[in-house]
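Protein chains in written order, with our numbering: chain Z, 1 to 234; chain D, 1001 to 1340; chain B, 2001 to 2455.
Since the hints were made in silico from the structure, they are not lab data.
Keep in mind the model is a prediction, meaning the values are calculated, not measured.
Beta carbons are placed, not taken as given, at the ideal position from N, Cα and C, and that holds for glycine.
Please note: incorrect hints may appear among the correct ones.
[Stated by the list, open to error] With a straight-line Cα cutoff of 27 Å, these simulated BS3-like cross-link-like pairs (lysine-lysine) come out:
1) K65/Z to K152/Z
2) K2218/B to K1245/D
3) K2208/B to K1245/D
4) K1245/D to K1139/D
5) K1242/D to K1113/D
6) K1194/D to K125/Z
7) K1242/D to K1291/D
8) K2451/B to K1111/D
9) K1242/D to K1157/D
10) K2182/B to K1315/D
11) K125/Z to K183/Z
12) K152/Z to K1192/D
13) K1315/D to K2119/B
14) K1192/D to K129/Z
15) K195/Z to K183/Z
16) K1315/D to K1139/D
17) K2208/B to K1139/D
18) K152/Z to K181/Z
19) K1113/D to K2451/B
20) K1194/D to K129/Z
21) K152/Z to K1194/D
22) K2451/B to K2321/B
23) K125/Z to K1192/D
24) K2182/B to K2321/B
25) K2182/B to K1336/D
26) K2218/B to K1139/D
27) K2182/B to K1113/D
28) K1336/D to K129/Z
29) K2208/B to K1242/D
30) K125/Z to K181/Z
[As the list claims (entries may be wrong)] Label-pair restraints from in silico Cβ distances:
31) S2443/B to P1086/D: 34 to 42 Å
32) M1180/D to G133/Z: 26 to 34 Å
33) S2443/B to P37/Z: 40 to 48 Å
[Said to hold, decoys possible] Quick look at which bits of chain D chain B covers, simulated, 3 or more residues with Cβ under 8 Å:
34) 1109-1122
35) 1244-1257
36) 1306-1315
37) 1325-1336
The residues making up each chain are set out below.
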Amino acid sequence: MSYLIGEGLTGGYGGPDIIVDCTIAVDQGEIAVIVGPNGAGKSTAMRALLGMLTMHHGSVKLDGKDITALTPQARIGAGLSFVPQNDNVFTTMTVEENLEMGAFIRTDDISGTMEEIYELFPILKERRKQMAGYLSGGQRQQVAVGRAMMTKPSVLMLDEPTAGVSPIVMDELFDRILEVKDKGVAVLMVEQNAKQALQIADKGYVLVMGKNRHTGSGSELLANAEVRRSFLGG
Amino acid sequence: MTEGPEFLNALILLSNYVVLPAITYGSQLALGALGVTLVFGILRFSNFAHGDTMAFGAMVTILFTWWFQSLGISFGQLPTALLALPVGILFTIVILLLTDRLVYRYYRRIKSKPITFVMLSVGVMFVMTGLVRFIIGPKDQNFADGARFIFKARDFKKWAGLSEGLALRSSQLITIVVTMLLVAALFWFLQKTKAGKSMRAYSDNEELALLSGINPDTVVRVTWILTAVLATTAGLLYSLDKSFKPFVFFQLLLPIFASAIVGGLGKPIGAIAGGFIIAFSEVCLTYVYRKFLIYLLPESMEPETLVQLLSTEYKFAVSFIILVLVLLIAPTGLFKGKVV
Amino acid sequence: MKPKQRPFIVFAIMAAMLLIVGFVQSWSVALVILNLCLVSAIMALGVNIQWGYAGLFNVGIMGFTALGGVAVLLVSMAPVSAALEVGGGQMALAAVTLIVGCIAVVILYRAWGERLFRKTVTCLAVIAVFFLVHSFYGPASDAIEAVDPAKTGYLGGLGLPVILSWVAGGLLAAGAAWLIGKITLDLRTDYLAIATLGIAEIIISLLKNEDWLTRGVKNVTGLPRPVPFELDLQESPWFIDLVETFNRGALAGLGNTERADALRMLSMEGSGIFVKLCYAGLFMIVLTIIFTLCSLALHSPWGRMIRAIRDNETAAAAMGKNVTGRRLQIFVLGSAVVGIAGAMLTTLDGQFTPGTYNPLRYTFLIWVMVVVGGSGNNLGSILGGFLIWFVWIEAEPVGIWLMDVLTSGFDPASEFRARMLDNAQYMRLMVMGVVLLLVMRFSPGGILPEKTGHR
Chain Z
1 MSYLIGEGLT
11 GGYGGPDIIV
21 DCTIAVDQGE
31 IAVIVGPNGA
41 GKSTAMRALL
51 GMLTMHHGSV
61 KLDGKDITAL
71 TPQARIGAGL
81 SFVPQNDNVF
91 TTMTVEENLE
101 MGAFIRTDDI
111 SGTMEEIYEL
121 FPILKERRKQ
131 MAGYLSGGQR
141 QQVAVGRAMM
151 TKPSVLMLDE
161 PTAGVSPIVM
171 DELFDRILEV
181 KDKGVAVLMV
191 EQNAKQALQI
201 ADKGYVLVMG
211 KNRHTGSGSE
221 LLANAEVRRS
231 FLGG
Chain D
1001 MTEGPEFLNA
1011 LILLSNYVVL
1021 PAITYGSQLA
1031 LGALGVTLVF
1041 GILRFSNFAH
1051 GDTMAFGAMV
1061 TILFTWWFQS
1071 LGISFGQLPT
1081 ALLALPVGIL
1091 FTIVILLLTD
1101 RLVYRYYRRI
1111 KSKPITFVML
1121 SVGVMFVMTG
1131 LVRFIIGPKD
1141 QNFADGARFI
1151 FKARDFKKWA
1161 GLSEGLALRS
1171 SQLITIVVTM
1181 LLVAALFWFL
1191 QKTKAGKSMR
1201 AYSDNEELAL
1211 LSGINPDTVV
1221 RVTWILTAVL
1231 ATTAGLLYSL
1241 DKSFKPFVFF
1251 QLLLPIFASA
1261 IVGGLGKPIG
1271 AIAGGFIIAF
1281 SEVCLTYVYR
1291 KFLIYLLPES
1301 MEPETLVQLL
1311 STEYKFAVSF
1321 IILVLVLLIA
1331 PTGLFKGKVV
Chain B
2001 MKPKQRPFIV
2011 FAIMAAMLLI
2021 VGFVQSWSVA
2031 LVILNLCLVS
2041 AIMALGVNIQ
2051 WGYAGLFNVG
2061 IMGFTALGGV
2071 AVLLVSMAPV
2081 SAALEVGGGQ
2091 MALAAVTLIV
2101 GCIAVVILYR
2111 AWGERLFRKT
2121 VTCLAVIAVF
2131 FLVHSFYGPA
2141 SDAIEAVDPA
2151 KTGYLGGLGL
2161 PVILSWVAGG
2171 LLAAGAAWLI
2181 GKITLDLRTD
2191 YLAIATLGIA
2201 EIIISLLKNE
2211 DWLTRGVKNV
2221 TGLPRPVPFE
2231 LDLQESPWFI
2241 DLVETFNRGA
2251 LAGLGNTERA
2261 DALRMLSMEG
2271 SGIFVKLCYA
2281 GLFMIVLTII
2291 FTLCSLALHS
2301 PWGRMIRAIR
2311 DNETAAAAMG
2321 KNVTGRRLQI
2331 FVLGSAVVGI
2341 AGAMLTTLDG
2351 QFTPGTYNPL
2361 RYTFLIWVMV
2371 VVGGSGNNLG
2381 SILGGFLIWF
2391 VWIEAEPVGI
2401 WLMDVLTSGF
2411 DPASEFRARM
2421 LDNAQYMRLM
2431 VMGVVLLLVM
2441 RFSPGGILPE
2451 KTGHR
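Same shape as in the complex, but just chain Z (with noise of 0.2 Å):
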C-alpha cells in the first residue's frame, strides 16, 4: 500500500474521457515519474490526483485515507503540493512573498521552512526581494518548487518541471528534486525528458492514450526494449 494512491482513475474535463482505468502510486522518500507521448493523458492523471478534474471512476487514497470527494484546496490542506507546468510562480511578487502565499494555510510560524528552502536553492536567498517576473527561467523554477515546498508537503507533484530549461539548469534542478526526495517527501513528476527522469526514477509509469502501458522501477523501464523502442528514442 503506497503512501498517495490513485486506483483506477478514469476521468476527463466534462467531455471524453482522458485517462482511463489509470493507477498512479508514490512512496514517502521515492521519486515517481509519469512519461510517455504527446496527449497521453500525463498532466491530466496528475491532476486527477489533486481532484481538479471529473472523475467517473476511481479512488485516491492518502496515507490510506480515502480523499476523493476532497476539492482540490482540502488536498492542499492534507499534504499535497502542486507545481504546474506554466505560470507557477506570482510574477508581480517577490520571491520571498511567492514563498509567504505557499505558506497561506500555515498558521504557525514560517521562517524556518523558508530558511530551509534558501538552503536548498542559496540564488533565492539572494535574489529575495526581486519580483519573480525578473527572473530567469530557472530560477523561476527554483521559485515555483519553492513555493509549493512551503506548506512542508508529503506528496510533491510537478507537471514537466525542467520544460524549456537548459540541460545544465535540468541537472541542477533535478539534484535538487533528488534532495527533496531524501527529505522524505513523495515526489511525482510529469517529464517530457523520460531518459533523464527515469534515471533518477524509483517508479515509472508509461502512459499511452490515458491507460497505463508499461509499470516497473525507473532501472526496469530504461532496460525495457520496449520502452526503449518507442518512448526513448532507441
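Dock chains D and B against chain Z, hints included.
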C-alpha cells in the same frame, strides 16, 4: 494697481484656481479609481455600478449626518459627515456583500465571461440608482456644516501683501488628508498583511493562488469590503467638496474609468497616478488663462480673449481623449495593468 | 408550448396589454405607448445587430439616438438666412480648414517616417490646426449666435421634408460610428464599453453647447411634421365627416346645437387619435422594413460569418475572415438603425431638446430590452422593445399607486408620505434592474432565445 511681484500673483492665481482644485478632484478620482481597479484586479470586470455605489455610500452617510445633526451631535470645526462616514461605510459593505451573494457569485461559480459581469453590473447600477433616488430623491442635498474655510482669500491677501488671494476650503484639506490616510492604509494592507498579499496573489495568478490554498471567497469578500470603504469615502468627499446630486455620480464613472485605465487596470498605484493625471488635465485645459497671462506678459502682449483651450462643458472630452490615447499607444496603461 | 408558437403567443399577450390600457386608461394613452414601443423596438433591433449578432458591447446608444435627433433639425428646419449671411461663410471656412488640416496632419505623420521627434511634430501640427480652425470658428459662432438669439441664433436646417431626416439620421449616426469604430473596435470588450460611454457623453455635450448648430439647451421647437396637425384636421370637412360616420350611433337623437357641440368634442378627440395612428402607421412601415432586412441579413452567409466571429473570434480569424472589418460593418449598421430611431423619436416629439438625453433611458433601458427580449433574435428584440417600454411607462403609475396604498396608514399631510409618493417614480429604475438580473439568471437567452443548431 497690483500689489506684490507680478509672477508671485500669477503663481498664487494658478495655485488657487488650478493646483488646489486639481489636487482635490484628483484625490476624489483616485479613490474612485482605486475601487474600480480593485474589483477589476480580483473579479476581472469593469464595474459600471461603481459610480452608484459611491452615491449610495454618500447617501447613507448624509442620512446619518442629518440624524446626528438633529440629535445635536457635532464634530466641532469638522463636518459632522465625517462622524457618520463609518456608518455609511458599514451600510455600503452590507449592500455590496449582499449584491455579490445574490448576483455575482453564481456567475463566478459557472465561470462566465467578463462581459456577462459587466452587464450584471449594469443591472446592479439600475437597482442602486433607483434605490438612491427613491430614498433621498434626485435633488441636491445640503448637509455640510463645520468651518467652511481653513483660511480665506481675503486674509491671505492681507497676510502676503498680494492682490491675488489663496483660499483653502476645509473640504479641500479634508479630501487631501483623508485620501492620504486611506491610501497609506490601503497600501500597508496590500503590501504588509497576509490578507492583502493574498489579494495581490489572487489578482496575479488565480489558479496558483487556489493551489496555494488561498480561499477565493475570502479574497472576494475582502475586495468588496475595501471597495465599499473607498467608494463611500470618495462619494462623501466629492459631495462635501462640490455637492450631492445622484446623477452626477454616473457622470463621474467616465473620468474614474479613465483614471483606472490610464494607470493600468488592476494596479492600485496606477489608479492614483491616473486620477491626478485626469484631474490636472481637465482643470488645466478648461481654465481661463487670461488673467494669468496678463500678470506675466508685458502690457503690449496682453490677450483680449479668454485664452481657454476648452469650454468647461467639454471636460468629459478631456478624460475621454486621454483614455483613447492611452488605449491606442499603451493599452496596458502606465503601470502595465492587466489585459484579460 | 411549441417553440414555433411562442412568438405568436407573447405578441398576442403584448397586444392584449395595450388593448387593456386602451379600455382602462384611454386610447390616446395606449397609442402614445404603442408609438414609443415601435421606436424602442427599432432601437432594440439596432442594438441587437451589434450585441446579438456580433457581441459588441456598445454603451453609447444615447449618442447615436441624439445624432438621429439632430438630423431632424438639420434637415427639416428652414434655414436662417441672416445667420448664414453673418457667419455661414466663415463657419464653412472653419470646416474646410478642419478637414484640410486633418488630412495635412496625416500626410505629415506618414511623410515624417521614422525620423526623430515624430510624435512631437505631429502634436505640434495638431495644435496648430486647432488654433487655426478656432480662429475662424470662434467669431463665426459668436456672430451666428447673436442673430435674434431668442428665436434663432443658429444656422437652421435645409428646409427639406422631415421624412428625409430619418434617412439622414441613419447616415449621420453611421458616419459617427465609422469614425468611432475605427478607433475603438480593436479594444477588448470592457474597453469598448467604456469608450462608447464616453463618446455618448461627448456627443451630448456637443449638441448641448454648440448653440450655432443646435441652439443648445434653448431647444428647437416646432419641427415640421410628416403628418397633419390636429387643428387642421378639426377644420377639414372630410375629417369631420369621418368622425360623424364613426359615431353615428352616439350622435343620433341629439338636438342640432347639442349635436354640433358633441361633434366638435368628438373631432377634437378623434384628431389626436388620428395623428397618433398616422405616426404608428409610418413607424410600422419603418419597423417592417428594418426587421425584414435584419432577418435576411442574419440568415445570409454574411450573418453566419458574423455569428462565427462572435462565437469564436480566434477560429474565424484563423480561417482568414477579416474580423475587424466585419465588426466595423456591424457597428456602423447597428448605429445607423439606432440613428433612424432617434430621428423618428425627435419627429414624434416635434422638438429637439438635447438636455433631455440621459443614459439610463436612452442607453441602458435599450440594453434591458435586448437582453430581456432575447439577444440574437430579431423578433425577441422587437418584443423586448414593446414589453420593456410598456413596463417602464406603466411602472410609474403602478409604483405611485402602490406607495399610496402602502403609506395610506400615515397622516396624509406627513412629510414622509409626501416624500415616498414623490420618489415612487424611481422605483421603476429598480424594477428594470431587477428584471434584467432575473432574466440573465433564470432565462439567459431571454423570452425569445436565439435559435441555435440548425440554421
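Status of the hints after comparison with the structure:
no.: 1; hint: K65/Z to K152/Z; result: holds (19 Å)
no.: 2; hint: K2218/B to K1245/D; result: holds (23 Å)
no.: 3; hint: K2208/B to K1245/D; result: holds (20 Å)
no.: 4; hint: K1245/D to K1139/D; result: holds (6 Å)
no.: 5; hint: K1242/D to K1113/D; result: violated (38 Å)
no.: 6; hint: K1194/D to K125/Z; result: holds (21 Å)
no.: 7; hint: K1242/D to K1291/D; result: holds (24 Å)
no.: 8; hint: K2451/B to K1111/D; result: holds (23 Å)
no.: 9; hint: K1242/D to K1157/D; result: holds (24 Å)
no.: 10; hint: K2182/B to K1315/D; result: holds (23 Å)
no.: 11; hint: K125/Z to K183/Z; result: holds (20 Å)
no.: 12; hint: K152/Z to K1192/D; result: holds (23 Å)
no.: 13; hint: K1315/D to K2119/B; result: holds (24 Å)
no.: 14; hint: K1192/D to K129/Z; result: holds (14 Å)
no.: 15; hint: K195/Z to K183/Z; result: holds (24 Å)
no.: 16; hint: K1315/D to K1139/D; result: holds (22 Å)
no.: 17; hint: K2208/B to K1139/D; result: holds (21 Å)
no.: 18; hint: K152/Z to K181/Z; result: holds (12 Å)
no.: 19; hint: K1113/D to K2451/B; result: holds (21 Å)
no.: 20; hint: K1194/D to K129/Z; result: holds (17 Å)
no.: 21; hint: K152/Z to K1194/D; result: holds (19 Å)
no.: 22; hint: K2451/B to K2321/B; result: holds (23 Å)
no.: 23; hint: K125/Z to K1192/D; result: holds (19 Å)
no.: 24; hint: K2182/B to K2321/B; result: holds (18 Å)
no.: 25; hint: K2182/B to K1336/D; result: holds (24 Å)
no.: 26; hint: K2218/B to K1139/D; result: holds (22 Å)
no.: 27; hint: K2182/B to K1113/D; result: holds (25 Å)
no.: 28; hint: K1336/D to K129/Z; result: holds (20 Å)
no.: 29; hint: K2208/B to K1242/D; result: holds (22 Å)
no.: 30; hint: K125/Z to K181/Z; result: holds (21 Å)
no.: 31; hint: S2443/B to P1086/D: 34 to 42 Å; result: holds (40 Å)
no.: 32; hint: M1180/D to G133/Z: 26 to 34 Å; result: holds (29 Å)
no.: 33; hint: S2443/B to P37/Z: 40 to 48 Å; result: holds (46 Å)
no.: 34; hint: 1109-1122; result: holds (count 7)
no.: 35; hint: 1244-1257; result: holds (count 6)
no.: 36; hint: 1306-1315; result: holds (count 3)
no.: 37; hint: 1325-1336; result: holds (count 3)
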